[in-house]
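Undergrad: Sequences are here, hints too, so could you generate the full structure?
The sequence shown begins at 29 in this note's numbering and counts up by one.
In case anyone wonders, no lab produced these hints; they're calculated from the structure. Check the hints yourself; a few may be wrong.
[What the hints assert, rightly or not] Here are the computed distance ranges between Cβ atoms for each label pair:
#1 S69 <-> Y114: 13 to 21 Å
#2 D119 <-> A98: 22 to 30 Å
#3 R56 <-> G80: 26 to 34 Å
#4 E30 <-> E108: 26 to 34 Å
Backbone N, C-alpha and C define an ideal beta-carbon position, used for all residues, glycine too.
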Amino acid sequence: MERPLLVYTTFPDAGTALDIGEALVRDRLVACVNVLPGMRSVYAWKGAVERGEEVVAILKSREGLKQDLAAALKARHPYETPILLYLPVADADPGTAAWIMSETQAPPTG
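TA: Structure, rendered in structure tokens:
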């Protein structure tokens with residue numbers, strides 16, 4: 029059976045994360061998006077050290093949708109280079125895995 033996939037990303041604010049998350053849920057690329065506000069970041073960007081406030085988003089999807097989800101997320105994301113970390117799920121509660129599969133579209137074949 030296909031495995032669930034978690035995707036870690038960040039957004040500039042909760043509104044943007046929720047709007048993009050809702051679009052991805054409606055497109056059945058993800059079953060759920062958890063938005064965690066209040067994150068402070070220190071990061072290197074184009075040779076400088078920056079600080080900023082962001083929100084974390086954790087997307088629940090399936091491995092077979094990784095490429096389609098990445099393309100849809102990049103097309104909607106406001107960052108020039110959005111962070112996309114794919115976290116494969118080694119194991120999941122069967123009910124949780126079944127829910128994710130039922131709420132996301134089957135990946136294209138061929």
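Undergrad: If a hint holds in the structure, say so; if it doesn't, say that too.
TA: Going through the hints against the structure:
1. S69 <-> Y114: 13 to 21 Å: Between S69 and Y114, where Cβ atoms are some 20 Å apart, the hint holds.
2. D119 <-> A98: 22 to 30 Å: Since the Cβ atoms of D119 and A98 sit about 24 Å apart, the hinted range of 22 to 30 Å holds.
3. R56 <-> G80: 26 to 34 Å: With Cβ atoms ~32 Å apart, the hint holds.
4. E30 <-> E108: 26 to 34 Å: 32 Å, holds
In the structure shown, no violation is registered for any of the earlier numbered hints.
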